[in-house]
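Undergrad: What follows is the residue order along each chain.
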Amino acid sequence: MPRRSLLFCVLCIVGLTSCEPAPPARLLVFAASSLSESMTSLGKTFEQQHAPVKVDVQFAGSQQLLAQVEQGARPDLFAAADLSFVSRLGKLGLVKESHVFAQNQLVLVVAKTSTLELHAIEDLPLARRIVVGAKEVPVGRYTAQLLEAADRQLGHDFLKRVQSQIVSYELNVKQVLGKVLLGEADAGFVYLSDAHGHEDQLRVIEPNAALRVVAQYPLLLMQPSAQPKLARSFMEFVLSPPGQQHFAAAGLTPPAVAAPTQQP
Amino acid sequence: MKALHPAQSPTLYGMSLVLVLVLVLPMIALITQGLGGDALRALSSPATLQALWLSLSTSALALLVVVVFGTPLSYLLSRSKARWVENLQTLVQLPVVLPPAVAGVALLSTFGQKGLLGPLLHAMELRIVFSTAAIVLTSVFVAGPLYVQGALNAFSSIDEELLLVARSMGAKSLRIFWQIALPLCRPALISASLLCAARALGEFGATLMFAGNLPGRTQTMPLLIYTAMESDFARARTLSLLLLLLSALLLALSFSLSRKWRVQP
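Order-wise, the sequence lines are chains A and B. All residue numbers in the first sequence are consecutive under my numbering, ending with 372. All residue numbers in the second sequence are consecutive under my numbering, ending with 255.
Any given hint could be a false lead.
As the list claims (entries may be wrong) - Simulated crosslink set (DSSO-like; lysine-lysine; CA at most 30 Å straight-line):
id, chain 1, residue 1, chain 2, residue 2
1, A, Lys220, A, Lys204
2, A, Lys282, B, Lys104
3, A, Lys152, A, Lys268
4, A, Lys337, A, Lys204
5, A, Lys243, B, Lys104
6, A, Lys220, B, Lys104
7, A, Lys204, A, Lys162
8, A, Lys220, A, Lys337
9, A, Lys204, A, Lys243
Worth flagging that the hints you see were computed from the coordinates, not collected in a lab. Everything numeric in this text was worked out from a predicted model, so none of it was measured.
Take these sequences, add in the hints, and give me the full structure.
TA: Given below as structure tokens:
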């Protein structure tokens, strides 16, 4: 395929100019932006254990990464924030194996500088500027799910009143977080792991049990891969207790049952 | 066979072709692939029309601001040779080469709640971020310099003697600007305006960071395309094609005007 060979040439040139004579094996990992802290530290640890292996982790919104894969990008592994990606990419024959490796919970974050009396989800209509994820991306879908459940539970046009205060539909969770941290938004919905480490600037409001929305993170072992063995050992490291520590440290919770996801 | 012009060597042709391909192929791809599928539905959906209207109206508003305040600025800059004026020229051109992310951060640092003007805006109960005004402001910031540069070049080409003669005949400075400089440069100013409008229409990165993404209020065409790309690549491609055609139209108009202006004595 001419397009692929052109890409190959470009990669060769980049490789030749940036590497020592024997280029070390490289793993390309796509990861949801909510994993940026945990996957970065995990990748570094894996590099140390498998020197001179290099792990390139590319962070973006899950949906954007999915679009890139569907348009021909070929990462060795894909850590997504949405379980439905497993079957979606499985149908294209790109998934060799997949496991849920972490869970995250959707929480409401409120800037500490905000003077609003926002203490629970039901106070949300008080907020003047709410920022959420767009419905096109996982965090936005989870948010819509939570707000709809809250609407059923609370009534009184809760959903409508909240929607009228939404000022932006961001395309990844870090953008939502950023707008709240900057004080531009009063409140936003992010994953618990995103709020982790910002407790000095944010109040984190966990929804009650009935409104809890849990995001499952699958790790997809992709095929074809230039480094199938290395990719598998990366996956095994992610699922191992030392690997899991990186996610726990970032505020993610371990999967309910450490079982393979349904095969596509 | 006709002999080649001295400038036309096959090697030069070959090398030029490489760049032409890189520049033109993506556009050909958009045209050939953007029309497939539900092109008509993607183009006529309410979300598209809303975003298109928002893009056109904010670009027009930004252009108005730029022309009103940028024309006097360019004229003054063109008529002075002082050192600090040259430095000011560089400074006002800077936004053109600024990476969009830098522009976004800079605008947030200026007009945000915790920004330079934050306390002032707060006292005036003005919220810029997440408002339609933020789009206009972003467009003025990133596209304004294009107009200023074009206008400056035009004003600089006016023969100084012409202005001196007018002055010696008793014309006031403002009248010289209105009745001599402006009419002389009109085609060039329009050409620069179109270029500025095209850039404003395409503004994306800084807008996303500074104005947010809310359909009807801050979701312009480029933001709609980016949002569509998350779920429906074909739709994103069709919308991109629409924006490509609009930009091409503005650019072609701008170029034909500036060419016409140049051949005049």
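Undergrad: Please name the hints from earlier in the document that this structure breaks, with their numbers sorted from lowest to highest.
TA: 1, 3, 8
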